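Number of protein chains: 4
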Amino acid sequence: MAGNSFGKLFTLTTYGESHGSALGGVIDGCPAGIDVDIESIQQELDRRRPGQSSIVTQRKEPDTVKFHSGIFEGKTTGTSIGFVIENTNQKSHDYSHIKDSYRPSHADYTYDKKYGIRDYRGGGRSSARETACRVVAGALAKQMLKDIKISAYVSGVGTMKLNKPYTELDLTQIESNIVRCPDQTMAKDMEAYIKEVRSKGDTVGGIVSCVIKNVPIGLGEPVFDKLHAELGKAMLSINAVKGFEYGSGFEGSTMYGSDHNDAFNNDGTTKTNFSGGIQGGISNGMDIYFNVAFKPVATLIQKYETIDKEGNTVEMQGKGRHDPCVVPRAVPIVEAMAALVLADYYLLNKLSKI
Amino acid sequence: MAGNSFGKLFTLTTYGESHGSALGGVIDGCPAGIDVDIESIQQELDRRRPGQSSIVTQRKEPDTVKFHSGIFEGKTTGTSIGFVIENTNQKSHDYSHIKDSYRPSHADYTYDKKYGIRDYRGGGRSSARETACRVVAGALAKQMLKDIKISAYVSGVGTMKLNKPYTELDLTQIESNIVRCPDQTMAKDMEAYIKEVRSKGDTVGGIVSCVIKNVPIGLGEPVFDKLHAELGKAMLSINAVKGFEYGSGFEGSTMYGSDHNDAFNNDGTTKTNFSGGIQGGISNGMDIYFNVAFKPVATLIQKYETIDKEGNTVEMQGKGRHDPCVVPRAVPIVEAMAALVLADYYLLNKLSKI
Amino acid sequence: MAGNSFGKLFTLTTYGESHGSALGGVIDGCPAGIDVDIESIQQELDRRRPGQSSIVTQRKEPDTVKFHSGIFEGKTTGTSIGFVIENTNQKSHDYSHIKDSYRPSHADYTYDKKYGIRDYRGGGRSSARETACRVVAGALAKQMLKDIKISAYVSGVGTMKLNKPYTELDLTQIESNIVRCPDQTMAKDMEAYIKEVRSKGDTVGGIVSCVIKNVPIGLGEPVFDKLHAELGKAMLSINAVKGFEYGSGFEGSTMYGSDHNDAFNNDGTTKTNFSGGIQGGISNGMDIYFNVAFKPVATLIQKYETIDKEGNTVEMQGKGRHDPCVVPRAVPIVEAMAALVLADYYLLNKLSKI
Amino acid sequence: MAGNSFGKLFTLTTYGESHGSALGGVIDGCPAGIDVDIESIQQELDRRRPGQSSIVTQRKEPDTVKFHSGIFEGKTTGTSIGFVIENTNQKSHDYSHIKDSYRPSHADYTYDKKYGIRDYRGGGRSSARETACRVVAGALAKQMLKDIKISAYVSGVGTMKLNKPYTELDLTQIESNIVRCPDQTMAKDMEAYIKEVRSKGDTVGGIVSCVIKNVPIGLGEPVFDKLHAELGKAMLSINAVKGFEYGSGFEGSTMYGSDHNDAFNNDGTTKTNFSGGIQGGISNGMDIYFNVAFKPVATLIQKYETIDKEGNTVEMQGKGRHDPCVVPRAVPIVEAMAALVLADYYLLNKLSKI
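Residue numbers (numbering that gives the first Met the number 0), protein chains in the order written: chain A, 0 to 353; chain B, 0 to 353; chain C, 0 to 353; chain D, 0 to 353.
Please keep in mind that the hints were generated in silico from the structure rather than gathered at the bench.
No experiment lies behind these values; they were computed from the predicted model shown.
Ideal Cβ positions, reconstructed from N, Cα and C, are used throughout, including at glycine.
Worth double-checking, as some hints may not be accurate.
As the list claims (entries may be wrong) - Computed footprint of chain A on chain D, listed as stretches where at least three residues anywhere in the stretch have a Cβ under 8 Å from a Cβ of chain A:
1. 25 to 36
2. 341 to 350
Claimed, not checked - Derived EDC-like pairs: lysine to aspartate or glutamate, alpha-carbon spacing no greater than 16 Å straight-line:
3. D:Lys318 with D:Asp201
4. A:Lys112 with B:Asp266
5. B:Lys270 with A:Glu304
Please take these sequences and the hints and turn them into a complete structure.
Dropping the structure here:
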């Protein structure tokens, strides 16, 4: 099956290129009877929107979602939910400079080799613009999940790291600054850092962390579809992601079992949570938490050499309005993908017992 | 769809509990006409087998695979391939001590809550014994992939890390020691370390790294089924895995774009390979490499307190023949899962162009 | 997985209610490099369009398809193809008469019971208006299939049957009359019959037959996904279909093996074709042919009694602009579904051998 | 995805060739907590077994099923259920006569062309022997479905037809004769007819009808996965099936809407049931009933001419122990496939509403 669908039961299929007439998608498998708040879906889209602050791309794009089906009198009906986001910023750019050349660390070369053709306008399908559709579906999934609270935030920009466990952070403060880092002092530093990087025409990577609270026990489908395996895939499917770890993560690989095991309290909760809320691939009711590593954006506002289709060396000049650091805008995308996984596994878990 | 299948086109479905009568599986979607070397499949199983060396579990289990279908006169026929691994070591143990109790950081609690019932003998379905079936299928996938060379090795045991890029290692030396670390000095140290940990009844985590060479350009299915996203899921679905990173990984998130971008050579290869052989979710022909973090095994040969089904505190004593460190035996499992992903994506890529 | 997708590799996902703002869909898995003729896709839609002739519903709806993605410079790019058909005829009707009542032999009752809510405007999702999206995708599939020629036609209206094998018909004459029956005399009689039925406010069923020529040998995926099994499902998924038979069909069940077996010619073709071009679930290169039975449309322009949500008897009056007989407009839908199956199986068959 | 799996949530994957060492399968997605009666599963297998009566093949094969996993202390555990049926009757036959030749109306030719190789022993994978695995899984599905009662029976052998609606038959009498026709007089005639056909070395087709009672309202997944569409596919996937019709079926296509519509009673049941218990693709609680047409078995005990791989004419002689008419043994297979569909849709329907 082709790769533009995500989820087994709560399924999102997306389409759309960066500079096509519209992006859109279909959400299938959403149960009937969910109260839909369209406005809060649009708000999630606004959190991802270009031009929202001084540290993200200044491209103007309202990203307004329109639903065509599956919602009636304010509720989901159980039928497939189609939605469209028009591209209003389709200027007739001159793309001749990238049409026949491959930008380094972009998908130009691989798309061309794989498909024999590529929509070269703004990265085409490989553009992160596609994630707008994920945010729409994730926002709907959140409305289904109700009590489950998903909070992503920026915990690293370049070498600047928020070295505190999430339990010591005030997660209500994430949206109080444009970096989306819940530590205000760190946020200020990160903001200054990002601006400095941009002023050089450079970019920098970062880390998004995510915490999920109030997860019901039982989500996860052994043996291949363990909850963390699907979360990992979901995160790794986001543009620019290079790594995923949950619970004790890579650090956990350095520990002894006698330190790492999570002893039980008598109510079934655990005294520690190195497991990250998942044991044997199934949620145990404790908080789920994980980290997602993003590489630096490949588009630099600098002059550089690369090759064209024939393998000739050509000189190019990065231009346009690009993100110097992707993590502030990645926060709602990470949340959306987490919501899609949880919605899917919430439904799957309804089938565990007769 | 239930979680015991992996792959879209080259599909593995597995079954079997740790102490049931047999494990087995079905490989579906394997093209016809592949020459099958049963002996080399058995050799892969032997690399994973308990009792193979002094630093792994001493449990005796021959793990002999028997194929029932889909192979005729030495070739695959295009029909589904069923195989069985009998459990010969099914002693009538006394399981009363774990029947009603939940071992910490195992899947006892979550299976019981999810399904309302669990096969408590040796961990049941949550046992890593299940991965034997993955090794069988992965070994067949390797035979289909022919020129593609997958090499996994141990690069970390506890805090002991092999701090060399794979390009400085002699990957032909992986099997020359029982740790499966290609650096002989480090291997010796790791071996001693694992034995020390075991002598205390403790366990320790580790890292398996993997390098894939000779990958054709074009493997990967945007946007959700990016090649590294599926590799990540595959690895995270292995028991005890806590993290996955590819290419520059978590370290890449600290870098500047100007350092991280992989400049092209005129033949389409790149001068550096921070991308890890994958751009936009599609292989670019460079080496793929990634790291997989394993937590320490949860079963300690120590006395500890935990709870029973009613939430009462009970004392337990870990016993039996367990791995003090899982990574040496995880090496063939990581390779097998990588092979399954590549086989699947190799077939998917046949459909990219008309 | 939810039920709004069709196909494994060449996949169509649709959305849209009869009286919503738009219908649409996503075609995923279409290989790159196919020359797309948008105009001929629109022509297929026009063959299905309401108001096209005097024997179909007189509802006015232009049914113009707009593509948003996946096609670039006249070719498919290998990315997902999103399309939308706006509903221009969304009058603010008064639906109070059907809002709380269940029309007999419609899906009003079952949708309400299954989902607890239904979009009652014009049948909502259960309306055959949804099949417009199938025609779009099927038309694209036809362009991929090139030499394969799919010809559906009306072979029965009520008790009026075209008792000739397809080999005695001139299939180029199907579109030469509004019934879409290749026998001109029969077509005239059927047309008169349909008009007579409509004049009484009644409806009548019918049969659509289909012939597929130039099918490559090898399409079909044993054992569950036999080619005719998927064709059968495809046809039975069309609104109002009650039966499917291929090759010798129900008549074949009365025959002796000695009469039914298709003897080979020396070139691998067969002297007879009771098999209907499929043996063991796999195409053998002979013509595929099958019949599809449609029930009479449930909406009558008559007065009748039925029940409301509370089970009270209520009187209703059928009105509006409905098809007296669905088969003339079903012809392009049958072809579209056949094209979708063949496109999917054409791609699947690329994977049969290494 | 390859074609050896059936079902989305309650999934069966099968393997095995006619003359391989064993057949088997995996049932995945079966909920935990179902009481499993192994003996009654074996009884269903016995209903399908060769050699069970004087009118079926006299091949000796005990067809004993062994379960390897997923059942513990008499209950399903929610993990995948592996089972194996050993082939005990694998004589070292001489297959040289069919190795290089194509038998008419078998799958010899199409398998060879599709896969480039075929297991020619006894038809290999194309043999109806594979359906034994379906019966195992179907029998388990029946145990999950509890109150739902599925009754298949023979309603036609050649031109001999049981022209009574099921409502006039005593379905408890199906197993009282070896034909499995609930009308005892007709059963006797059919038995004599089958024996006569066999005595000539010929075969004959037939019809299996099926009635499903106590179906919950709401089973069915519009728009592509309508309940009858999946039932149709299930039946058409059985060896030798040429047609499927449900409710009014092909006859319904000749009717007027005013006769065909099923008027409601005040309790939501309908006065007539031309709909066959399904409206808009969703069960309405009325009886589901359908007919399945089987062609005559292709293997005749006669001398005939055919071609070899090089297209040369060769003379062959049918021999062995084959069914003269497949329908008596097809009855449990039809029931099994119906049970698999219902089990799957029963689980899917749990997800319709939040």
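Verification of the supplied hints:
1. 25 to 36: Holds: 5 residues of the segment 25 to 36 of chain D have a Cβ under 8 Å from chain A.
2. 341 to 350: With 3 residues closer than 8 Å to chain A, the segment 341 to 350 of chain D meets the three-residue bar; holds.
3. D:Lys318 with D:Asp201: holds, 12 Å
4. A:Lys112 with B:Asp266: holds, 13 Å
5. B:Lys270 with A:Glu304: holds, 12 Å
Of the numbered hints stated above, none is contradicted by the structure.
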